[in-house]
Amino acid sequence: MVAALTPRRVREILIDAAQDKIPAPPCLWFYIVTNMGKNTKKLKKLLGQPENEEPNSEAVIPQCVVAEAIKRIVLGLINGNRSNWISLDNVKLLVMRYAEKYRCSYEEIDEKAAAEHARILAAYVREWVRLLADGHRTGSSGHMTVAQDVLHSYLSRTRYC
Amino acid sequence: MSQTELKEVPIEVVLEEANRLLKMAGLTGESRFMNRPAVVRLCGPPVEQRRISDADRIRSIAKTTGRYPYVVFAFKGREGVVCVPDANYYAADGLYDVHIVDCPDGAVCAELAKYIADLFRMPKPPKEALLRLADEQSLCEHQLLPPSACTAATAPKKEEEEHASAAPHDAPLPPPPPERISASTREFVRLIQEMAQYDKSAKVVPAEPPPQQPPDLKAVLKEHGLGWLLPAVEDASTASAVRFVLENEDLRKALQGDLRKVILEVAKSGAAPTSALDEALSRWPPRHRETLLKLLSKSRDLNSLASALLQYLFNNEHCTLDAVQFIVDASRNRMGLDCEAAAKAAQW
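Respectively, the protein sequence lines represent chains U and R.
Here this note's numbering is used: position 94 in the first sequence is 524, and no number is missing along the way.
Here this note's numbering is used: position 196 in the second sequence is 178, and no number is missing along the way.
Hints may contain errors.
Said to hold, decoys possible - Among the chain R residues that face chain U by a calculated CB cut under 8 Å, a handful are:
1) Ile163
2) Thr167
3) Glu169
Unchecked claim - Computed spacing ranges between beta-carbons, pair by pair:
4) R/Leu77 x U/Pro455: 36 to 46 Å
5) U/Ser583 x R/Val22: 25 to 35 Å
6) R/Gly76 x U/Cys591: 33 to 43 Å
7) U/Glu537 x R/Glu176: 19 to 29 Å
8) U/Ser583 x R/Arg60: 39 to 49 Å
Said to hold, decoys possible - Here are the computed lysine-lysine pairs in the DSS-like style, where the Cα-Cα straight-line distance is at most 25 Å:
9) U/Lys542 x R/Lys280
10) R/Lys5 x R/Lys58
11) R/Lys96 x R/Lys58
12) U/Lys531 x R/Lys5
Worth flagging that the hints you see were computed from the coordinates, not collected in a lab.
Using N, Cα and C, we set each Cβ at its ideal position, and we do this for glycine too.
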């Protein structure tokens, strides 16, 4: 049985990982994306917590960790030395490509979760593209395409937690 | 397909991306140019009722850019062809750049049709069109249909199943199936636990303490008003004795007072005023007074008392009266000596 880890403790661990205070395997970011939001109940069960322990508490996975996760997923897929554009239109596809690249465990149900959560993650992606795309040299906001090196440079400097 | 909105991204880039998506999905096909009637024949009757007529704008684009204004992706499934965009949007006559994709797996093709429509910023194919590629169940499994449509489709089946299972009315209800935990959730919790262990062990094992620097005993002595003892702290044993003095507050205070003068006077001239000694002894700390009285009773004279006292204080056999006197003389010449060296020097 899983040892009792409180949601608060899990949040602390995730934030520490997002801040690079403790080492995190690459698949953690994929699992964050698939388990964010509505899987909180399941997580609490697995963590040995009653579901109604913190009725009004925030989710187990903090928002900043979710943002950090999609940032690291995209960073894991792009090449900072290449200036060609990358399409960020399909966030679910990006997430699944990352999972394939790092051989993360997932099932069909996780793929569905990734598809559901892609809409939320796309908000972050849109924001990056809006900031970086100039329509000519570095990318286009019309189709969420952006130069890889520009995106890499921006994401490397961005911290969400 | 109209690319009137695609002012920022060249059509080649979008096409390349669409082809990349097809390649990633392992789908093959061919690309050919067709005129409008041929495309309509290939794609079949339009599914959607709405019509967008922007023929004039498309013509102007074709004229100014020299590009073909229409790109069509035709997904050939088992029960028909789904075109992106739908035939309703074919507004102008001319050559169409048609990409025909063979679909062994209808659900994958349906998913790609939606992606590509999104990529070209065209309306996504409706349910009726997607049903040409795959059945409703597999579309629902791939989340290609809205959840409401899927629940409506599966609800009657569920009801049937419920009726079937509820045949023996008196039978107790079966326990609810255990909630399914996906692979990623299991892995996520496992990773969290590993990281918690790492975090815990990192916190339990303290970092190696920095190597303790030996305290600058001379500075400490000066700070405590015992600078006069400096010549006697050169060797480690004397230093530890001095530290003992420093740690005993009452002893330190006594050494700062009149006794210092007495000892130094004894060390210098071999004798000290008795009144001064009495006064100093009266201020001697009570818990050391007994030792002092013992030393006093054993001492032949004041010199031997001073010598024994220094030995008691410094716990060093070399710190005899002669040695201390030598140290005091040497300190006047700014020479630092320990008791041992001073004792040897005093013997010469």
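Here is how each hint holds up against the structure:
1. Ile163: holds (6 Å)
2. Thr167: Interface hint status for R/Thr167: holds (6 Å vs cutoff 8 Å).
3. Glu169: holds (5 Å)
4. R/Leu77 x U/Pro455: 36 to 46 Å: violated (52 Å)
5. U/Ser583 x R/Val22: 25 to 35 Å: With a Cβ separation near 48 Å, U/Ser583 and R/Val22 fall outside 25 to 35 Å, so the hint is violated.
6. R/Gly76 x U/Cys591: 33 to 43 Å: This hint is violated: roughly 54 Å between Cβ atoms.
7. U/Glu537 x R/Glu176: 19 to 29 Å: Distance hint for U/Glu537, R/Glu176 holds at roughly 21 Å.
8. U/Ser583 x R/Arg60: 39 to 49 Å: holds (47 Å)
9. U/Lys542 x R/Lys280: Outside the cut-off at roughly 96 Å; violated.
10. R/Lys5 x R/Lys58: It holds: about 16 Å lies between the C-alpha atoms, which stays within 25 Å.
11. R/Lys96 x R/Lys58: holds (14 Å)
12. U/Lys531 x R/Lys5: Distance of about 17 Å is within 25 Å: holds.
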